[in-house]
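Taking the hints into account, I'd like the entire structure generated from these sequences.
In order, the protein sequences belong to chains C and Z. Numbering-wise, the working numbering puts 174 at position 174 of the first sequence, and it's gapless, one number per residue. Convert by adding 273 to the 1-based position in the second sequence; the result is the number in the working numbering.
Hints may contain errors.
[What the hints assert, rightly or not] Straight line, CA to CA, 20 Å or less: simulated SDA-like cross-link-like pairs of lysine to any residue: (1) Lys331/Z <-> Thr151/C; (2) Lys114/C <-> Asp375/Z; (3) Lys7/C <-> Glu288/Z; (4) Lys335/Z <-> Tyr146/C; (5) Lys431/Z <-> Thr101/C; (6) Lys7/C <-> Ser287/Z; (7) Lys158/C <-> Thr374/Z; (8) Lys58/C <-> Tyr407/Z; (9) Lys331/Z <-> Asp137/C; (10) Lys331/Z <-> Tyr419/Z; (11) Lys62/C <-> Thr424/Z; (12) Lys331/Z <-> Tyr134/C; (13) Lys158/C <-> Glu377/Z; (14) Lys58/C <-> Arg405/Z; (15) Lys486/Z <-> Ile462/Z.
In case anyone wonders, no lab produced these hints; they're calculated from the structure.
There are 2 protein chains.
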Amino acid sequence: MFHCYYKGEILPVSECRIPANDLGLFRGYGVFDYFRTYQKKPFQWDWYWKRFENSSEKLNLKIPIEKNDAREVVDRLIGLSPEDECAIRFILTGGTTINGTDAEDPTLIVFSEKIAEVSESTYQKGIKIESREYLRDMAEAKSTDYKFLLTIRPELAKNGSYDVLYHQNGEISELSRSNIFLVKDNVLITPSRNILKGITRRKVLEFAKEKYKIEERPVLFEELKNAEEVFTTSSTKKVLSITQIDNLIIGNGKPGPISQSLLSDFNAFTLSY
Amino acid sequence: MFHCYYKGEILPVSECRIPANDLGLFRGYGVFDYFRTYQKKPFQWDWYWKRFENSSEKLNLKIPIEKNDAREVVDRLIGLSPEDECAIRFILTGGTTINGTDAEDPTLIVFSEKIAEVSESTYQKGIKIESREYLRDMAEAKSTDYKFLLTIRPELAKNGSYDVLYHQNGEISELSRSNIFLVKDNVLITPSRNILKGITRRKVLEFAKEKYKIEERPVLFEELKNAEEVFTTSSTKKVLSITQIDNLIIGNGKPGPISQSLLSDFNAFTLSY
Chain C
1 MFHCYYKGEI
11 LPVSECRIPA
21 NDLGLFRGYG
31 VFDYFRTYQK
41 KPFQWDWYWK
51 RFENSSEKLN
61 LKIPIEKNDA
71 REVVDRLIGL
81 SPEDECAIRF
91 ILTGGTTING
101 TDAEDPTLIV
111 FSEKIAEVSE
121 STYQKGIKIE
131 SREYLRDMAE
141 AKSTDYKFLL
151 TIRPELAKNG
161 SYDVLYHQNG
171 EISELSRSNI
181 FLVKDNVLIT
191 PSRNILKGIT
201 RRKVLEFAKE
211 KYKIEERPVL
221 FEELKNAEEV
231 FTTSSTKKVL
241 SITQIDNLII
251 GNGKPGPISQ
261 SLLSDFNAFT
271 LSY
Chain Z
274 MFHCYYKGEI
284 LPVSECRIPA
294 NDLGLFRGYG
304 VFDYFRTYQK
314 KPFQWDWYWK
324 RFENSSEKLN
334 LKIPIEKNDA
344 REVVDRLIGL
354 SPEDECAIRF
364 ILTGGTTING
374 TDAEDPTLIV
384 FSEKIAEVSE
394 STYQKGIKIE
404 SREYLRDMAE
414 AKSTDYKFLL
424 TIRPELAKNG
434 SYDVLYHQNG
444 EISELSRSNI
454 FLVKDNVLIT
464 PSRNILKGIT
474 RRKVLEFAKE
484 KYKIEERPVL
494 FEELKNAEEV
504 FTTSSTKKVL
514 SITQIDNLII
524 GNGKPGPISQ
534 SLLSDFNAFT
544 LSY
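Printed below as a string of structure tokens:
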């Protein structure tokens, strides 16, 4: 069974209970971060910790643990994982409130979890997604706010859509939990603003800049029409081809060569991590 | 001590603990509603229940209790209240998740709470607030999302601001947890969109329409400059004068006659409720 850390203790996730009047639940006041292991080591730990610090700062939350101690917790949770590899989720909230808005100490919970792997056949086929006019609130912080996604999930499932692409005022931003890239004339184009800057996005940009021109900038919804390839990046999706957006078929409707090559590079990197 | 209801049981709030992987905390996926008692009776119960139903529907959450049974829970909590009058808060979340996004049954918690009364001297002086460019996400549902408010609260306190007024693209919407009205030439003007429609707002509109012309419509930030009075309405604030917004003094800087008269009407109504 998977374990978690709460108030200095490690316990099974199913036994971890928190006060009902935690501001994370009461007021949606929380940030998190999420990463996975490769070879039982937390992948890109320094980058993830830094991003967790950034998100916390943006929401004015103080992390109640030092980085080294947090790493020790992570290693203990990994050691207890029932599976070879696992995911780790930090959740930091405003803490337990007595009056509905104020709290003295923040709440930190560190979960270990089963990794939601993307199947081999999904990589081979690519995914169909749909678009929605929406902008994630405080998008540059990894807040716990996914109420819009959870609200529309049954509809996405009904439509056979794997995920949703957000856009507003003609500009695209990100998928519900991952970044987006377009390929056009050997150039990789990815939105620069109104997004949570993913760690996989960052890693892929590192690989890609050796081979392709990169444009990090505002990206219009319209540009999708002429994209030769579109793909999304995240810890669990790695580099996953998007072959259809609403009724628009991307390229020939199959994963393109650049997406596939970047997935190979990424996989090779994780294997030797 | 105040009590709450969770999973069919009534227990002290301080003893109520929920699974840490509840989607209300994990994913900020929740709605709530909040009302108070007068003469130990839940004020405007039918209106509040209807609004709770609306919010739940907008976030695609199913309320796991019938209205009559919910009322029975409310009455039991009121009976156990250590104070003559109390507030009741319903929180409904997506439920406990095993994979981070899906859950089988929603979570309902009903809290009884101490009422945060506004002091007599605050009513007499009116309040100073400040404005921020912000639009509450899914504003027409009473979601649990107050992360922006909680993030800026320390700054509001530092500035001596009682609350915050949200505006976007030149249009005002609402305060952090209450509605706004302007008075100009004996006309009451209040925003019609991008707001959570308050129950007190609705009641005040009922009183006011007997005496004044009402305009429910988009309201520009600029209009504040010429307003003779500005006030805010909510369950706990009732009708509370706003005498300063940022550096703008409203009228002569004191609560105006129409705000005061509407407060009297409202108080009279609650006394005989």
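Query raised in the report: For which of the previously enumerated hints does the structure constitute a violation, in increasing order of number?
Result: The structure conflicts with no hint, since it agrees with every one listed earlier.
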